[in-house]
Amino acid sequence: MSQTVSTHSENRWVPLKAFCERTGIKESTARYYLKNGKLPIKPKDKAKGRVYVDWFSWNAGTIVH
1 MSQTVSTHSE NRWVPLKAFC ERTGIKESTA RYYLKNGKLP IKPKDKAKGR
51 VYVDWFSWNA GTIVH
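End of the sequence shown sits at 65 in this note's numbering; the numbers just go up one at a time, nothing left out.
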């Protein structure tokens, strides 16, 4: 079974929990990556807002700002 990466903008930003399920990374490890800046995220509107991970830059291996 082959996987295709969609180029639609709604698939670029993935919630943290879904990101962990897709990659197999533990949630605590993902939060550690967030804290150290290794995981590219969408800028939040509010301080307590949800965290969305940039799926395209994670797959490309680059950090996009």
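A hint or two may mislead.
[To be verified] In silico BS3-like links for lysine-lysine, alpha-carbon gap of 25 Å or less:
1. Lys-17 <-> Lys-35
2. Lys-35 <-> Lys-48
3. Lys-48 <-> Lys-26
4. Lys-38 <-> Lys-48
5. Lys-17 <-> Lys-46
6. Lys-26 <-> Lys-44
7. Lys-46 <-> Lys-35
8. Lys-38 <-> Lys-17
9. Lys-26 <-> Lys-42
10. Lys-44 <-> Lys-17
11. Lys-42 <-> Lys-17
12. Lys-38 <-> Lys-26
13. Lys-17 <-> Lys-48
Honestly, the hints are just simulated from the structure, not real lab data.
Now for the hints, and whether the structure bears them out:
no. : hint              : verdict
1   : Lys-17 <-> Lys-35 : 16 Å, holds
2   : Lys-35 <-> Lys-48 : 15 Å, holds
3   : Lys-48 <-> Lys-26 : 21 Å, holds
4   : Lys-38 <-> Lys-48 : 20 Å, holds
5   : Lys-17 <-> Lys-46 : 19 Å, holds
6   : Lys-26 <-> Lys-44 : 22 Å, holds
7   : Lys-46 <-> Lys-35 : 17 Å, holds
8   : Lys-38 <-> Lys-17 : 17 Å, holds
9   : Lys-26 <-> Lys-42 : 20 Å, holds
10  : Lys-44 <-> Lys-17 : 16 Å, holds
11  : Lys-42 <-> Lys-17 : 14 Å, holds
12  : Lys-38 <-> Lys-26 : 15 Å, holds
13  : Lys-17 <-> Lys-48 : 16 Å, holds
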